[in-house]
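Novice: Each chain is listed here by its residues.
There are 2 protein chains.
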Amino acid sequence: MHTTALVLFSGGQDSTTCLAYALSRYERVETIAFDYGQRHSVELDARLNVLREIKSAFPQWAARLGEDHLLDLSVLGKVSETSLTRDTEFKMEANGLPNTFVPGRNLLFLTLAAAVAYRRGLQVLVTGVCETDFSGYPDCRDDTMKAMQLALSLGMDQRFLIETPLMWIDKAATWELARDLGGTALVDLIVEHTHTCYLGDRTHRHAWGYGCGECPACALRSKGYAGFSASLNKASLPAG
Amino acid sequence: MHTTALVLFSGGQDSTTCLAYALSRYERVETIAFDYGQRHSVELDARLNVLREIKSAFPQWAARLGEDHLLDLSVLGKVSETSLTRDTEFKMEANGLPNTFVPGRNLLFLTLAAAVAYRRGLQVLVTGVCETDFSGYPDCRDDTMKAMQLALSLGMDQRFLIETPLMWIDKAATWELARDLGGTALVDLIVEHTHTCYLGDRTHRHAWGYGCGECPACALRSKGYAGFSASLNKASLPAG
Numbered sequence: 007m008h009t010t011a012l013v014l015f016s017g018g019q020d021s022t023t024c025l026a027y028a029l030s031r032y033e034r035v036e037t038i039a040f041d042y043g044q045r046h047s048v049e050l051d052a053r054l055n056v057l058r059e060i061k062s063a064f065p066q067w068a069a070r071l072g073e074d075h076l077l078d079l080s081v082l083g084k085v086s087e088t089s090l091t092r093d094t095e096f097k098m099e100a101n102g103l104p105n106t107f108v109p110g111r112n113l114l115f116l117t118l119a120a121a122v123a124y125r126r127g128l129q130v131l132v133t134g135v136c137e138t139d140f141s142g143y144p145d146c147r148d149d150t151m152k153a154m155q156l157a158l159s160l161g162m163d164q165r166f167l168i169e170t171p172l173m174w175i176d177k178a179a180t181w182e183l184a185r186d187l188g189g190t191a192l193v194d195l196i197v198e199h200t201h202t203c204y205l206g207d208r209t210h211r212h213a214w215g216y217g218c219g220e221c222p223a224c225a226l227r228s229k230g231y232a233g234f235s236a237s238l239n240k241a242s243l244p245a246g
Numbered sequence: 007m008h009t010t011a012l013v014l015f016s017g018g019q020d021s022t023t024c025l026a027y028a029l030s031r032y033e034r035v036e037t038i039a040f041d042y043g044q045r046h047s048v049e050l051d052a053r054l055n056v057l058r059e060i061k062s063a064f065p066q067w068a069a070r071l072g073e074d075h076l077l078d079l080s081v082l083g084k085v086s087e088t089s090l091t092r093d094t095e096f097k098m099e100a101n102g103l104p105n106t107f108v109p110g111r112n113l114l115f116l117t118l119a120a121a122v123a124y125r126r127g128l129q130v131l132v133t134g135v136c137e138t139d140f141s142g143y144p145d146c147r148d149d150t151m152k153a154m155q156l157a158l159s160l161g162m163d164q165r166f167l168i169e170t171p172l173m174w175i176d177k178a179a180t181w182e183l184a185r186d187l188g189g190t191a192l193v194d195l196i197v198e199h200t201h202t203c204y205l206g207d208r209t210h211r212h213a214w215g216y217g218c219g220e221c222p223a224c225a226l227r228s229k230g231y232a233g234f235s236a237s238l239n240k241a242s243l244p245a246g
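Protein sequence lines correspond, in order, to chains A and B.
Okay, so the first sequence: first residue is 7 according to this note's numbering, each after it adds one.
Okay, so the second sequence: first residue is 7 according to this note's numbering, each after it adds one.
Quick caveat, the hints were computed from the structure, so don't treat them as lab data.
Accuracy of the hints is not assured; some may be wrong.
Identical copies go unnamed one by one, so any copy, or any two together, can satisfy a pair.
In silico SDA-like cross-links for lysine to any residue, where the CA-CA straight-line distance does not exceed 25 angstroms [to be verified]:
{"hint": "1", "residue 1": "K152", "residue 2": "Q164"}
{"hint": "2", "residue 1": "K84", "residue 2": "R34"}
{"hint": "3", "residue 1": "K84", "residue 2": "G72"}
{"hint": "4", "residue 1": "K84", "residue 2": "F40"}
{"hint": "5", "residue 1": "K152", "residue 2": "A68"}
When you get a sec, could you build the whole thing from the sequences and use the hints?
Specialist: Dropping the structure here:
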């Protein structure tokens, strides 16, 4: 029924796995990301590197991979300015969400993605949001995604499907999904070319990829990879 | 229960009436609009003129009227570029929607408004969307607004109320609502300072305000004012 997709693709491990997921099942796949003054251009570089490497290593997917869209969303910086903050600052901190939290950021991403999908004739929106590792963000929750599917489908008078292949799996299972979709070639590509580290560190190399190894994003990626490796080693033990 | 509101305020007749509606019932009211390369800076000028005139003519409202927010949304221009258009162009024309249609534009406006409302501690989003006069736009429909209220409330983990005081009334009734809220002083203010004309015409003055008098927006405003005037004259006839 669905043959075309637009993947919200940031160049990280999660969205690269989502891209592989979409390429494995849809005939035409495009990608989209948003430039809003990210901490490091390293993230935007990683996107292009991953796209290039996928085209080179997976010819069957290269034929399906279409345009990449990068939209300027500097308005996000404006919304997160402290000058815009009133008495909610305290509440946000009580929530455990950081000061720079832009409420509903993913709703904006999805709405813009749907607008582009509409104009490009794409049916499915694939996003790597996940409740398992990062339930602090309400705009990543499953309830939110389902409400957004309704709002977008009604608001554009065209049905969209929002797919969230990572919603209920942890980071170890995300590595496993990548292996199932593209074998060790995809796992290696993700290790080498995707970017996760909050500090933009591309100098320290670990088994799970580049990064400072200390920030929450590195910790999560590292722990997930360790779980994935352990299950691999277990699976490769001789039976009996 | 609700005491604060953020009004999506473009400087036109509809959103000015919505602003008066909010000022008549909420203790603190702020305004927001989006700069995305509108046809004429006349629209952005009209906003500031209307705010200034309201503060001057309605002291009881002036005390409630807080900050005005103008967010850059030039990304909309990017989304509406024809380069982004694929095979949906034909379908959009069959829909009767113009080429420059940005699908889901109001969803973006509402999402950004909710993000600002979250940070400013405002509860109600007031928007002048209306099915009566302009049902062609799916992102103005009542179903869409209700789905968006769910998506925004879930996605920001804070309840928002989307109010649409004009949803089911026509342009004549919108003039009547303005009179009920602020008397003839508000009607006169709307005639003189709000802007509607698609061509940005501020040289031709009519009973209903400035405009070319020919474009669809002028035609709608003029027809609504005629209906409003007729009902006024009827009401003022001696009984019997």
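Novice: Each hint needs a verdict: does it hold in this structure or not?
Specialist: Evaluated hints:
1. K152 - Q164: Both. Shortest intra-copy (15 angstroms) and inter-copy (17 angstroms) distances satisfy the 25 angstroms Cα cut-off.
2. K84 - R34: Classified as between; 22 angstroms across copies, 35 angstroms inside a copy.
3. K84 - G72: between (32 angstroms within a copy, 18 angstroms between copies)
4. K84 - F40: both (15 angstroms within a copy, 12 angstroms between copies)
5. K152 - A68: Classified as neither: same-chain Cα gap 30 angstroms, cross-chain 40 angstroms, threshold 25 angstroms.
The structure fails to meet hint 5 from the earlier list, while all remaining hints are met.
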